[in-house]
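Engineer: Sequence:
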Amino acid sequence: MPPHSSHLLKPLDQHYGQIVEQRMRLGFNHIDKIDFLTAFPKARMMAYKAQTVRNSFTATGLVPFNPDRVYQQLTVRLKTPTPPQSRSSDTQSSCLQTPQTPRQFKRQMTKTKKRISRHTRSSSEAIGEVFTRASKAYEMSINKLTIAQKELHDLWAAHEKEKQKRQKSKKQISHDQGITREEAQALVQGQIEASQAVTTAPAEHELPVSHPPV
1 MPPHSSHLLK PLDQHYGQIV EQRMRLGFNH IDKIDFLTAF PKARMMAYKA QTVRNSFTAT
61 GLVPFNPDRV YQQLTVRLKT PTPPQSRSSD TQSSCLQTPQ TPRQFKRQMT KTKKRISRHT
121 RSSSEAIGEV FTRASKAYEM SINKLTIAQK ELHDLWAAHE KEKQKRQKSK KQISHDQGIT
181 REEAQALVQG QIEASQAVTT APAEHELPVS HPPV
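Following full-length UniProt numbering, the numbering of the sequence shown begins with 1 at its first residue and continues without gaps.
Since the hints were derived computationally from the structure, they do not count as laboratory data.
All values reported here derive from a predicted model rather than from experimental measurement.
Using N, Cα and C, we set each Cβ at its ideal position, and we do this for glycine too.
A couple of the hints might just be wrong.
[Claimed, not checked] Estimated spans, in silico, between C-beta atoms of each pair:
1) F28 / F65: 47 to 55 Å
2) A194 / A157: 45 to 53 Å
3) K168 / A194: 42 to 50 Å
4) Q185 / L145: 21 to 29 Å
5) Q149 / R118: 17 to 25 Å
6) R44 / N66: 53 to 61 Å
7) S195 / H153: 51 to 59 Å
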């Protein structure tokens, strides 16, 4: 029997399976244990009727024996097997593919050299196609290399710019751009200490007070 067609030989699948499918379409797709035990006797009496059993065996061609009832339901299509490709055709198809890796490129060039060494008129077109593919692969590789070099250069430039930015933030900023927070704090602290020293230290150049003669 073909795959997925064994149900055609099962009487219960032919008749009772259709009843179950009809019930499921109406929404009867779940039943618990208590409801099942309650409904089973009645369902058994309704299902296993003599006429229903006869119809099931008749639909499967068992009683009366009639295999044509099953054959008519089969949809089998005979397929002609595809002949295996020859080794030469496989070699030629592999040579006509665009190489994607250096290994494939080297292998294709080796095969091309062998074909050139035993060159014939029939293979001239194939050899030209191989070289066209090879030149295309080389052009693709050059384009990818150019793009990769441009991306690497952009990454290097961005890295250098960020490095210079970090070094610049650590150095003293010019007056037109202001000063850093640390420098401002140090400047304010120095002014505070200087003012405290002036207010607390005695005057060194103060003249002595002269007392009037008695």
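Engineer: Give a verdict on every hint.
Structural biologist: Against the structure, the hints:
1. F28 / F65: 47 to 55 Å: With a Cβ separation near 35 Å, F28 and F65 fall outside 47 to 55 Å, so the hint is violated.
2. A194 / A157: 45 to 53 Å: Distance hint for A194, A157 holds at roughly 47 Å.
3. K168 / A194: 42 to 50 Å: violated, 31 Å
4. Q185 / L145: 21 to 29 Å: Given range 21 to 29 Å: violated, Cβ gap about 53 Å.
5. Q149 / R118: 17 to 25 Å: violated, 41 Å
6. R44 / N66: 53 to 61 Å: violated, 29 Å
7. S195 / H153: 51 to 59 Å: Cβ of S195 to Cβ of H153: about 56 Å, so the range 51 to 59 Å holds.
Checked against the numbered hints above, the structure violates hints 1, 3, 4, 5 and 6; every other hint is satisfied.
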